[in-house]
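Engineer: Sequence:
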Amino acid sequence: MKKRGMIFFLCGGFWFLLFSGIFYENLLADEEISCEEIRQIWFEAMGMPENHEFEAEIECVEKFVNDEFQGEILFQKNGPKTRQKMVLLKPLDLKEGEKRPGFVVPYYDPDRMCGYDLVTKKRQKPGREYAEFGRLLVCEGYVVLCVEAYPFNLLADEAEAGRSQGLRFWQRAAEELKRQHPKWTGMGKVTSDVRLAVDYLANLDCVDGDRLGIAGHSLGGKMAFYGGTLDKRISLILASDFGMRWEDTNWEDPWYWGKDKVEIFQQNGLDHSSLLRLHAPGTFILIAGEADGERTRPLLTRAQESSQRAGKKLEIFLLNHASGHQPTRETVESALKLIRERFAN
1 MKKRGMIFFL CGGFWFLLFS GIFYENLLAD EEISCEEIRQ IWFEAMGMPE NHEFEAEIEC
61 VEKFVNDEFQ GEILFQKNGP KTRQKMVLLK PLDLKEGEKR PGFVVPYYDP DRMCGYDLVT
121 KKRQKPGREY AEFGRLLVCE GYVVLCVEAY PFNLLADEAE AGRSQGLRFW QRAAEELKRQ
181 HPKWTGMGKV TSDVRLAVDY LANLDCVDGD RLGIAGHSLG GKMAFYGGTL DKRISLILAS
241 DFGMRWEDTN WEDPWYWGKD KVEIFQQNGL DHSSLLRLHA PGTFILIAGE ADGERTRPLL
301 TRAQESSQRA GKKLEIFLLN HASGHQPTRE TVESALKLIR ERFAN
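Residues in the sequence shown are numbered consecutively from 1, following the numbering used here.
A few of these clues could be false.
Here are the simulated DSSO-like pairs of lysine-lysine, each with C-alpha atoms no more than 30 Å apart in a straight line [said to hold, decoys possible]:
#1 K122 - K90
#2 K77 - K183
#3 K232 - K81
#4 K122 - K232
#5 K125 - K81
#6 K99 - K81
#7 K95 - K337
#8 K121 - K99
#9 K337 - K125
#10 K259 - K183
#11 K178 - K121
#12 K259 - K178
#13 K337 - K121
#14 K77 - K99
#15 K99 - K259
#16 K122 - K337
With beta-carbon atoms standing in for the labels, derived distance ranges [said to hold, decoys possible]:
#17 P126 - K259: 18 to 26 Å
#18 G97 - R179: 41 to 49 Å
#19 E37 - P298: 20 to 28 Å
#20 D93 - P298: 38 to 46 Å
#21 K122 - S334: 40 to 48 Å
#22 D67 - F317: 42 to 50 Å
#23 G166 - R309: 41 to 49 Å
#24 G166 - R123: 35 to 43 Å
#25 E37 - V119: 43 to 51 Å
#26 L204 - G269: 36 to 44 Å
It should be emphasised that the hints constitute simulated quantities derived from the structure, not laboratory data.
In this text, a Cβ means the ideal position worked out from N, Cα and C, and glycines have one as well.
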């Protein structure tokens, strides 16, 4: 067995242990390197907030019912002075005392994932209905929690105006996060927010804690991938076109990882296959269309083969419609079928 190489670099005030590119294959192949060690590498890279003690209190501000689900609009504290907006969706046929599989569905805002304008309660405009993962999953019979994403839950007072400001708003959020928590990254923030949402969902009386999933499209796909691979409670991840390779999307932007860290990851051969390895045993469904595709397959294969060598089963499905960023009817129906088969009673 080759000796493991290591380099150290100072990262946001923390020493972060990273394995050199020459020996990166050992990060997946060497049995001495446990999943717990890999998990710690990623958490170290994401950094930690400062003065961040709080109780994740929940406030329900509204309940409503439509022809597809029962809804509850909630706010969950995700920091001493911040909250994230969430919408809990329950199937219409959910019986008292019954437990169903549960899904967290993160996105820019919960409205588009549940398919309804939460003010007017009217259906969203057509054209994105196959990306409405929250609505689609609750109609399958699952309990779903749609979750608002950073930066909108960090700059809540500016969020509505920020939606029309484009990248200026995102840059402003990155600067504010760095001001509040110099040693924390955007990916650390979104992963923390997702974990809080999972905490709430997993403890609901109507949710089967042994059948938890997470699903997301685009930014929501990034959040689903990180939130799912780094949380042992999640047994199934559905991620749509989030750009798994570093070069396929904007991971280097300051509201995600930042340019310096992504360059270090790339120079040292650290990619998302090691994160995916952490999901074993589990199921990973990737819908690809533009930011992901056949070029993503080597990462999937590497993670699956390393899991097999470790004696763990990692199911991976690549559903590639190759027709643009939005998921198609056929790929979503295939994904829902795979979920039904794995979450059947």
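Engineer: So, for every hint listed, does it hold in this structure?
Structural biologist: Hints versus structure:
For the given pair, K122 sits about 18 Å from K90 by alpha-carbon distance, which is consistent with the 30 Å threshold. At roughly 21 Å between alpha-carbon atoms, K77 and K183 fall within 30 Å of each other, so this suggested pair holds. A C-alpha spacing of about 28 Å is found between K232 and K81, which places the hinted pair at or below 30 Å, so the restraint holds. Restraint check for K122 and K232: the C-alpha separation of about 36 Å exceeds 30 Å, so the hint is violated.
With a C-alpha separation of about 34 Å, the suggested pairing of K125 with K81 is violated against the 30 Å cut-off. Of the supplied pair hints, the one linking K99 and K81 is violated, its CA atoms being roughly 33 Å apart against a limit of 30 Å. The hinted pair formed by K95 and K337 meets the criterion: a straight-line CA distance of about 23 Å does not exceed 30 Å. Between K121 and K99 the alpha-carbon distance is near 27 Å, which keeps this suggested pair within the 30 Å criterion.
Straight-line distance between C-alpha atoms of K337 and K125 comes to about 26 Å, which keeps the hinted pair within the 30 Å bound. Of the pairs offered as hints, the one joining K259 and K183 holds, with about 15 Å between alpha carbons and a cut-off of 30 Å not exceeded. Annotation: proposed proximity of K178 to K121 is violated, straight-line Cα distance about 36 Å (limit 30 Å). The suggested pairing of K259 with K178 holds, with an alpha-carbon distance near 14 Å, which does not exceed 30 Å.
Of the pairs offered as hints, the one joining K337 and K121 holds, with about 28 Å between alpha carbons and a cut-off of 30 Å not exceeded. In summary, the hint linking K77 to K99 is supported, as the alpha carbons are separated by about 25 Å, within the 30 Å threshold. A C-alpha spacing of about 44 Å is found between K99 and K259, which places the hinted pair above 30 Å, so the restraint is violated. For the hint pairing K122 with K337, the CA-to-CA distance comes to about 28 Å; that is within 30 Å, so the pair holds.
In this structure, P126 and K259 break the distance hint of 18 to 26 Å, their C-beta atoms being roughly 38 Å apart. Separated by about 47 Å at the C-beta atoms, G97 and R179 satisfy the suggested range of 41 to 49 Å. Between E37 and P298 the C-beta distance comes to about 23 Å, which sits within the given range of 20 to 28 Å. Checked against the hint of 38 to 46 Å, the pair D93 and P298 passes, with Cβ atoms roughly 43 Å apart.
Range check, K122 to S334: Cβ separation about 29 Å, and the 40 to 48 Å hint is violated. Taking 42 to 50 Å as the suggested C-beta distance range, the pair D67 and F317 does not conform, at roughly 31 Å. Hint check: G166 to R309, Cβ distance near 45 Å, so the stated range 41 to 49 Å holds. Between G166 and R123 the C-beta distance comes to about 26 Å, which lies outside the given range of 35 to 43 Å.
Separation of E37 from V119 is about 47 Å and conforms to the stated range, judged on CB atoms against 43 to 51 Å. A beta carbon spacing of about 41 Å between L204 and G269 agrees with the range 36 to 44 Å that was offered as a hint.
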